[in-house]
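Novice: Based on these hints, arrange chain B on the given structure of chain A.
Number of protein chains: 2
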Amino acid sequence: MTGKLFVIGTGPGNPDQMTPEALRAVEASTEFFGYFPYIDRLNLRPDQIKVASDNREELNRAQAALERAAAGGNVCVVSGGDPGVFAMAAAVCEAIDAGPETWKTVDLVVVPGVTAMLAVAARIGAPLGHDFCAISLSDNLKPWEIIEKRLRMVSEAGLVIALYNPISKARPWQLGRAFEILREVLPAETPVIFGRAAGRPDERMLVMPIGEAEAERADMATCVVIGSPETRVIARPSLPALVYTPRFLKDASR
Amino acid sequence: MTGKLFVIGTGPGNPDQMTPEALRAVEASTEFFGYFPYIDRLNLRPDQIKVASDNREELNRAQAALERAAAGGNVCVVSGGDPGVFAMAAAVCEAIDAGPETWKTVDLVVVPGVTAMLAVAARIGAPLGHDFCAISLSDNLKPWEIIEKRLRMVSEAGLVIALYNPISKARPWQLGRAFEILREVLPAETPVIFGRAAGRPDERMLVMPIGEAEAERADMATCVVIGSPETRVIARPSLPALVYTPRFLKDASR
Numbered sequence: 001m002t003g004k005l006f007v008i009g010t011g012p013g014n015p016d017q018m019t020p021e022a023l024r025a026v027e028a029s030t031e032f033f034g035y036f037p038y039i040d041r042l043n044l045r046p047d048q049i050k051v052a053s054d055n056r057e058e059l060n061r062a063q064a065a066l067e068r069a070a071a072g073g074n075v076c077v078v079s080g081g082d083p084g085v086f087a088m089a090a091a092v093c094e095a096i097d098a099g100p101e102t103w104k105t106v107d108l109v110v111v112p113g114v115t116a117m118l119a120v121a122a123r124i125g126a127p128l129g130h131d132f133c134a135i136s137l138s139d140n141l142k143p144w145e146i147i148e149k150r151l152r153m154v155s156e157a158g159l160v161i162a163l164y165n166p167i168s169k170a171r172p173w174q175l176g177r178a179f180e181i182l183r184e185v186l187p188a189e190t191p192v193i194f195g196r197a198a199g200r201p202d203e204r205m206l207v208m209p210i211g212e213a214e215a216e217r218a219d220m221a222t223c224v225v226i227g228s229p230e231t232r233v234i235a236r237p238s239l240p241a242l243v244y245t246p247r248f249l250k251d252a253s254r
Numbered sequence: 001m002t003g004k005l006f007v008i009g010t011g012p013g014n015p016d017q018m019t020p021e022a023l024r025a026v027e028a029s030t031e032f033f034g035y036f037p038y039i040d041r042l043n044l045r046p047d048q049i050k051v052a053s054d055n056r057e058e059l060n061r062a063q064a065a066l067e068r069a070a071a072g073g074n075v076c077v078v079s080g081g082d083p084g085v086f087a088m089a090a091a092v093c094e095a096i097d098a099g100p101e102t103w104k105t106v107d108l109v110v111v112p113g114v115t116a117m118l119a120v121a122a123r124i125g126a127p128l129g130h131d132f133c134a135i136s137l138s139d140n141l142k143p144w145e146i147i148e149k150r151l152r153m154v155s156e157a158g159l160v161i162a163l164y165n166p167i168s169k170a171r172p173w174q175l176g177r178a179f180e181i182l183r184e185v186l187p188a189e190t191p192v193i194f195g196r197a198a199g200r201p202d203e204r205m206l207v208m209p210i211g212e213a214e215a216e217r218a219d220m221a222t223c224v225v226i227g228s229p230e231t232r233v234i235a236r237p238s239l240p241a242l243v244y245t246p247r248f249l250k251d252a253s254r
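Line by line, the protein sequences are chains A and B.
Residue 1 is where the first sequence starts when you use UniProt numbering, and the numbers rise one by one after that.
Residue 1 is where the second sequence starts when you use UniProt numbering, and the numbers rise one by one after that.
Don't take every hint at face value.
Note that identical chains are pooled: a pair holds if it fits in a single copy or bridges any two copies.
Stated by the list, open to error - Distance condition first, Cα-Cα at most 30 Å in a straight line; then the derived DSBU-like pairs of lysine-lysine:
hint : residue 1 : residue 2
1    : K104      : K250
2    : K149      : K4
3    : K169      : K104
4    : K169      : K250
In short, the hints are calculated from the structure, not lab data.
Given the structure is predicted, the values throughout are model-derived calculations rather than measurements.
Excised from the complex, chain A in its bound form (with noise of 0.2 Å):
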């Protein structure tokens, strides 16, 4: 008998941005499969077992969960945001994939959750309001001579563009080339936001235009979204400013 095997999101981080499908996912689970930081953020019962690891053992971690799963076992992976958005979903599919007959029969529930660009979009304003892409700024996992293309093109079509993983100790300068690449493209007034742990105690969110963005404001805890030629800046007297994209082209009104 196979067991059942949730893909869930923990959301941006704050708890209250955790939907109750996720949260019953993992009541009804009991071994938890994910990256430590991850998984500390759930307030686990003392009979629900951890297998923490590191944050590039992705598909491994999906090879033991599903092996479990497959034995019977209520199994948990977790990713943060949501789990289809660069995150455990995928992996958990290539193992099923490339993996044994039995890991196809089991019961696989992928839990939706809110994606890092869409909680800093929130905090800001509404920069996703138009057209937009999500890019994935690691090349690990493919040719940087891709990612720049992709730039380039999602530029030029003129969407908005969320950079996820935009920075880390072992890609020091992909951001920082990102930009060069951008500022080829938009106009140098053009809003970059670094929202970084939207949500969270320690949020800082930042607004700069691409002239002179600085990949140093990123780390890892920060999704990067560049806006669009259309993308607008509000001045607040007493308040943050926001950023938005129009739903309307302007085009589109002549």
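Specialist: Relative to chain A, chain B alone:
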């Protein structure tokens, strides 16, 4: 004294997919502005006032809500899904940008939610596991030529595409035309997901290759997700197929 303006999303429609943060915003508000099917998803108290309106009156609705908040009310603007994705947060920002100075002093709180593409992705596997974009197919607010150009560029760039507002009585041919364009770029076997009412009792998930995709499979409650050339389908013996986009690009592992 100005009041407070919450802008929330109900999530995809399943009450279990609405965050505690959004529920608290509902509790704290006394007046609700929104498209009536979204407002009807909320369990309101008798003292809470509903001001429902048609779904094409977004700017008027935002202005009415801002007026009430500027006059001291605790007001809630209600979207489906996430309020920042093709929804009311941008309309509220537009209204603030063009409105009287006092509107800039209103305490604006945008509460993020689970947007449709994340709910659809979760129900089918992990199609958004790699770079992706969200494009509204409505040509009410932007010229159709821009939409065609964007579809070509993002599919050539290798992004998975989530189409919002794919079809309506007033826009019957646009989705079919979008499939035609995408068939010029993508392999005929690229999976297309018609994700209708994900997470709700009337949910219907349908997967077919883009070579055979028919626009009639979508309605106004559908989010259409189009894979990239990397997106894969896993057939399972006794369960629905899974669709996912691997975290890595094949070229990267060479």
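Novice: Have a look at K169 and K104 and pick one of within, between, both or neither, based on CA distance no larger than 30 Å.
Specialist: Cα proximity of K169 and K104: none, with 37 Å in one copy and 40 Å across.
Novice: Since the copies are identical, ignore which copy is meant and state whether K149 and K4 lie within 30 Å (CA to CA) inside a copy, between copies, both or neither.
Specialist: Neither: 40 Å inside a copy, 43 Å across copies.
Novice: Regarding K104 and K250, is the shortest C-alpha distance of 30 Å or less found within a copy, between copies, in both, or in neither?
Specialist: between (49 Å within a copy, 23 Å between copies)
Novice: Go through the copies and call it for K169 and K250: within, between, both or neither, with a Cα cutoff of 30 Å.
Specialist: For K169 and K250, the Cα distance is within 30 Å only across copies (25 Å; inside one copy 41 Å).
Checked against the numbered hints listed earlier, the structure breaks hints 2, 3; every other hint is satisfied.
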